[in-house]
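Visitor: My request is simple: use the sequences and hints to build the entire structure.
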Amino acid sequence: MSPERTIFLVDGQSFYASVEKAAHPEYRDRPVAVGDPERKSGIILAACPLAKSKGVTTAERIGEALVKCPDLVVIRPRMQRYITISLLITEIFESITDQVEPYSIDEQFLDVTGSVGTFGSPDEIARSIQQRIQLSTGVWSRVGIGPTKILAKMATDNFSKKRPEGIFQLDYRNIENELWPLPVHHMFMVGSRMTKHFMYMGLQTIGDIARMPLADFKKRLRQRMGKQSDIQAEYYWQTARGIDPSPVVSSIRGNLKSVSHGKALRSSLYRKLPDIEVVLLELVVEVCRRARRLGYQGRVVSVGAAETDGERSSGFGRQTTLQHPTSLTHEVAEAARKLFEDNWKGLPVSHLYISLTQLSDDSTYQLTLFEDRAEAYDIERATDGIKDRYGSGAIMRASSLLASGVAKERSEQIGGHYK
1 MSPERTIFLV
11 DGQSFYASVE
21 KAAHPEYRDR
31 PVAVGDPERK
41 SGIILAACPL
51 AKSKGVTTAE
61 RIGEALVKCP
71 DLVVIRPRMQ
81 RYITISLLIT
91 EIFESITDQV
101 EPYSIDEQFL
111 DVTGSVGTFG
121 SPDEIARSIQ
131 QRIQLSTGVW
141 SRVGIGPTKI
151 LAKMATDNFS
161 KKRPEGIFQL
171 DYRNIENELW
181 PLPVHHMFMV
191 GSRMTKHFMY
201 MGLQTIGDIA
211 RMPLADFKKR
221 LRQRMGKQSD
231 IQAEYYWQTA
241 RGIDPSPVVS
251 SIRGNLKSVS
261 HGKALRSSLY
271 RKLPDIEVVL
281 LELVVEVCRR
291 ARRLGYQGRV
301 VSVGAAETDG
311 ERSSGFGRQT
321 TLQHPTSLTH
331 EVAEAARKLF
341 EDNWKGLPVS
351 HLYISLTQLS
361 DDSTYQLTLF
371 EDRAEAYDIE
381 RATDGIKDRY
391 GSGAIMRASS
401 LLASGVAKER
411 SEQIGGHYK
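Using full-length UniProt numbering, read the sequence shown as starting at 1 and increasing by one per residue.
Possibly wrong hints are sitting among the right ones.
Claimed, not checked - In silico BS3-like links for lysine-lysine, alpha-carbon gap of 25 Å or less:
#1 LYS40 <-> LYS68
#2 LYS161 <-> LYS68
#3 LYS162 <-> LYS52
#4 LYS338 <-> LYS263
#5 LYS68 <-> LYS52
#6 LYS263 <-> LYS162
#7 LYS196 <-> LYS219
#8 LYS68 <-> LYS54
#9 LYS263 <-> LYS161
#10 LYS272 <-> LYS338
#11 LYS54 <-> LYS40
#12 LYS408 <-> LYS40
#13 LYS257 <-> LYS272
#14 LYS408 <-> LYS272
#15 LYS40 <-> LYS345
#16 LYS227 <-> LYS196
Keep in mind the hints are simulated off the structure, nothing from the lab.
Guide: What follows is the structure in structure tokens.
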């Protein structure tokens with residue numbers, strides 16, 4: 001760990017809602033939230049500060065939010081737009097440093113250690129970033145500054161978001177006075193379950209953990225959670241002290257281990273095998289297309305499902321090894337269908353999952369005597385090209401037009417939300 005590093009965690013305030021307010025100047029002085037306005041039972045994905053001041057909260061039902069705030073403007077999400085804005089913000093960061101690591105669509109880490117001499121002090125760089133993002137996108141950003149990613153993150157979450165200037169520096173000089181007095185649930189990665197454990201142990205603040213010798217903390221956590229808790233103890237103890245040797249890296253993807261796709265379903269609609277098979281095939285189509293785009297083929301096909309009739313619940317996850325690696329839809333679909341039929345207990349299905357593992361390069365593949373696999377790959381890749389150019393809804397199987405199909409709806413969405 002190098003204490004001389006200067007790391008930012010930049011967070012876009014109410015990101016989705018801020019993007020929409022920038023796109024709709026007529027709503028400048030109106031409370032705005034992002035969600036599906038046609039579904040009162042849907043949830044609020046984001047709310048602007050004005051809406052939050054009227055009691056609207058993220059993840060609450062839209063109907064409940066409208067009761068609190070009758071003049072709330074609910075705008076349907078546009079995920080492609082948010083991704084585009086996020087990438088634009090990344091370009092702003094990359095004009096300052098080449099060490100930019102996305103943490104989420106609205107949060108990114110920057111290591112500006114090597115940029116201080118060129119662009120000014122950390123505070124000056126942070127203010128410049130805020131101004132450039134706001135001018136370019138209309139989004140106000142908060143910046144946490146620290147010598148480690150952990151401290152930068154906790155600086156943003158606990159301090160920057162609560163200050164009008166939106167900037168706060170948390171380091172080893174002020175950690176004891178600023179961070180340690182905070183309740184333990186304000187520590188990064190401490191959820192409600194761990195909070196209960198810590199409170200039971202009498203550890204009410206972050207400082208209660210940080211001041212304790214590591215050996216003593218491990219011993220107490222062992223008594224509470226068992227012998228397997230030593231790794232957790234060390235992680236939480238280091239987090240409380242701001243210790244984090246992990247660097248900011250521009251790419252964190254390693255070798256791909258699997259290609260997968262899943263879908264949550266309304267179990268009341270998927271009681272019959274023909275209806276379930278439609279979605280199963282659609283998932284296989286997406287998995288194989290993604291594998292081809294990434295240049296992979298797989299030899300192991302896995303199928304998972306959750307079943308429930310409201311009273312009984314069941315589920316399974318099974319896999320099978322193919323004769324040779326493939327990313328051809330019909331070959332994977334045949335294996336997936338057999339796995340499902342052999343293991344399905346007959347209850348309505350609420351979730352389906354397909355994955356392709358034991359991956360290998362698809363630049364070479366096995367030929368067979370009874371099928372022209374080369375021609376099959378050519379057809380699949382031609383279909384991929386049409387979808388890449390015109391969208392995944394440009395060409396699809398006829399079965400997806402049945403009432404049980406979900407591919408057409410999903411072609412209009414990103415991550416389950418409309419583009």
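Visitor: Next, verify each hint and record whether it holds.
Guide: We went through each hint and held it up to the structure:
Taken as a hint, the LYS40 and LYS68 pair is honoured in the structure, with Cα atoms around 13 Å apart against an allowance of 25 Å. Restraint check for LYS161 and LYS68: satisfied, since their Cα atoms lie roughly 24 Å apart, inside the 25 Å limit. At most 25 Å may separate the alpha-carbon atoms for a hinted pair to count; LYS162 and LYS52 meet this at roughly 14 Å. Among the hinted pairs, LYS338 with LYS263 is consistent with the structure: their alpha-carbon atoms are about 19 Å apart, no more than 25 Å.
With a C-alpha separation of about 10 Å, the suggested pair LYS68 and LYS52 falls inside the 25 Å cut-off, and the hint holds. Between the alpha carbons of LYS263 and LYS162 the distance comes to roughly 38 Å, so the proposed pair goes past 25 Å and is violated. Between LYS196 and LYS219 the alpha-carbon distance is near 17 Å, which keeps this suggested pair within the 25 Å criterion. The suggested pairing of LYS68 with LYS54 holds, with an alpha-carbon distance near 7 Å, which does not exceed 25 Å.
For the proposed pair LYS263 and LYS161, the alpha carbon gap of about 35 Å is over 25 Å, so the pair is violated. For the hint pairing LYS272 with LYS338, the CA-to-CA distance comes to about 15 Å; that is within 25 Å, so the pair holds. At most 25 Å may separate the alpha-carbon atoms for a hinted pair to count; LYS54 and LYS40 meet this at roughly 18 Å. Distance hint between LYS408 and LYS40 is fulfilled; the C-alpha atoms sit about 23 Å from each other, no more than 25 Å.
For the suggested pair LYS257 and LYS272, the alpha carbons sit about 33 Å apart, so the restraint of at most 25 Å is broken. Distance hint between LYS408 and LYS272 is fulfilled; the C-alpha atoms sit about 20 Å from each other, no more than 25 Å. With a C-alpha separation of about 34 Å, the suggested pairing of LYS40 with LYS345 is violated against the 25 Å cut-off. Taking the CA atoms of LYS227 and LYS196, the gap is near 18 Å; set against the 25 Å cutoff, the hint holds.
Taken one by one, the earlier hints fail for this structure at numbers 6, 9, 13, 15, listed in ascending order.
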